[in-house]
Amino acid sequence: MARVDIVMPQMGESIAEGTMSRWLKKPGDAVKRDEPIFEISTDKVDAEIPSPAAGVLVEVLVTEGQTVPVQTVVARLETDAAAAAVVPAGNGAAPTEAAPPAAPPAPAPAATASAPIPAPTAAPAAPVAAANSFEERVRTKSSPLVRRIAAEHGVELASVPGSGIAGRVTKKDLLAHLESAPAAPAAPVPAPAAGLPASVSVPAAAHHDEPTFQPWPGDVVEPMSKIRRLTADHMRQARRVAAHVTSFFEVDLTRVARIRAGMRRDFEQQTGQKLTYLPFIVQAVVAQLKRHPVLNATVSGTDVILRRQYNVGIAVALEPTGLIVPVLKRADDLSLAGITRGVNDLAARARAKALKPDEVTQATFTITNPGVFGSLMGTPIIPVGTTAILGLGAIEKRPKVITGPDGEDTIAIRTCAYFSISFDHRVVDGADADRFMADLKRALETLPEPTA
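Residues 35 to 486 (the numbering used here) make up the sequence shown, in order.
In case anyone wonders, no lab produced these hints; they're calculated from the structure.
Keep in mind that the hints are not guaranteed to be accurate.
[What the hints assert, rightly or not] In silico BS3-like cross-links for lysine-lysine, where the CA-CA straight-line distance does not exceed 25 Å:
| no. | residue 1 | residue 2 |
| --- | --- | --- |
| 1 | Lys308 | Lys390 |
| 2 | Lys387 | Lys60 |
| 3 | Lys363 | Lys475 |
| 4 | Lys363 | Lys390 |
| 5 | Lys363 | Lys66 |
[Unchecked claim] Label pairs and their calculated CB-CB ranges:
| no. | residue 1 | residue 2 | range |
| --- | --- | --- | --- |
| 6 | Thr437 | Ser281 | 47 to 57 Å |
| 7 | Glu244 | Gln105 | 27 to 37 Å |
| 8 | Thr246 | Pro354 | 21 to 31 Å |
| 9 | Thr336 | Ser281 | 55 to 65 Å |
| 10 | Pro439 | Asp337 | 27 to 37 Å |
| 11 | Ala295 | Thr437 | 49 to 59 Å |
| 12 | Pro70 | Val279 | 19 to 29 Å |
| 13 | Met297 | Asp366 | 43 to 53 Å |
| 14 | Ala277 | Val254 | 52 to 62 Å |
| 15 | Val254 | Lys308 | 51 to 61 Å |
| 16 | His278 | Leu209 | 19 to 29 Å |
| 17 | Trp250 | Glu98 | 25 to 35 Å |
| 18 | Val279 | Val406 | 19 to 29 Å |
Backbone N, C-alpha and C fix where the C-beta goes; we use that ideal spot for every residue, glycine too.
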């Protein structure tokens, strides 16, 4: 028998687990190579995962709604048609999570957002791994979210029983541990800070639980979707990690609009792609990132890694709700037509949940475009692992004062937009960000005419 293990893919560098949202195939179904077989959710992507080979799905090992570590075997595929035909009909009818032989028992399916997390039952104490042993390093190398929650609650990860691969502590393990821990004695309430009214309470720094509120008569209670809850966690982490500052520039896009209008018809006939303002902006951004490398960087402890790849994340709104950031890799190697094809393709497949795992990772800079909804300006959150994000406001015609060649001032109608740059002030100074924006503004306002 030729069986192929299908595993939970890793959908980002900091992602340690994924949730099985929905099975698109059931045991006994024939599957083609690259045909979507199941759908998963992480804090970076909600995506359909293709089959690695053609065959028959013979075992389903993870249930819908269950969260498992990456590289966990979630199903098995039989590529030998004759062998698949003799698989018992009940095989896979009662799926359970697969785990390596040395791993502890797998967790139960994830609880819904509205259900409380049950306290774990008493279990025999596990032997403590030797200090700095391989087992201890694996157990404590949990996701950034788990490490942050543990730090906020003063919990040593080495003391938490882990249900992940090789005893890795997952978010569910940590929350269950916190639920079962005895309540700490109430700390004295600190005096209000100067300038705050006495009625404003100052919560303890370690407090992590979100406030809860009772619905009023007539209210509708809608539990957050998986992608919404994971996005919320990611956004909170991003706000805590970086020192956010935002600067705004008004950019005159009249020249870009004129060049776009002049080449639009021929471009769309030759490429079959709709030409928007975004490819012009992406091309100009990449050119300026080469001149201002600290905005194409990441912070690693006390080091700054200046990236030499220019991978531009493009935020895409999903319907009915949600956000995803596919990444245009090596954008500096692409022509205007290549950028247009890449951006349009990524956006279309993001909305169709057809992105591949490596297409939502390794962004070095991000562009978000709330202007398509009419927003004039905003202060976007910097994605974890980068130092800046560019926000594009609505492009609209405005009256502007223009100085002519003889020094006379006139009022003219110009096509303009507000651009914002949110940057990590730990490593990017205001002068760095403003020089980048000034150069980007100049590049777009003096864009050369395309050569024949």
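Sort out which numbered hints this structure fails and list those numbers smallest first.
-> 5, 6, 9, 10, 11, 12, 13, 14, 15
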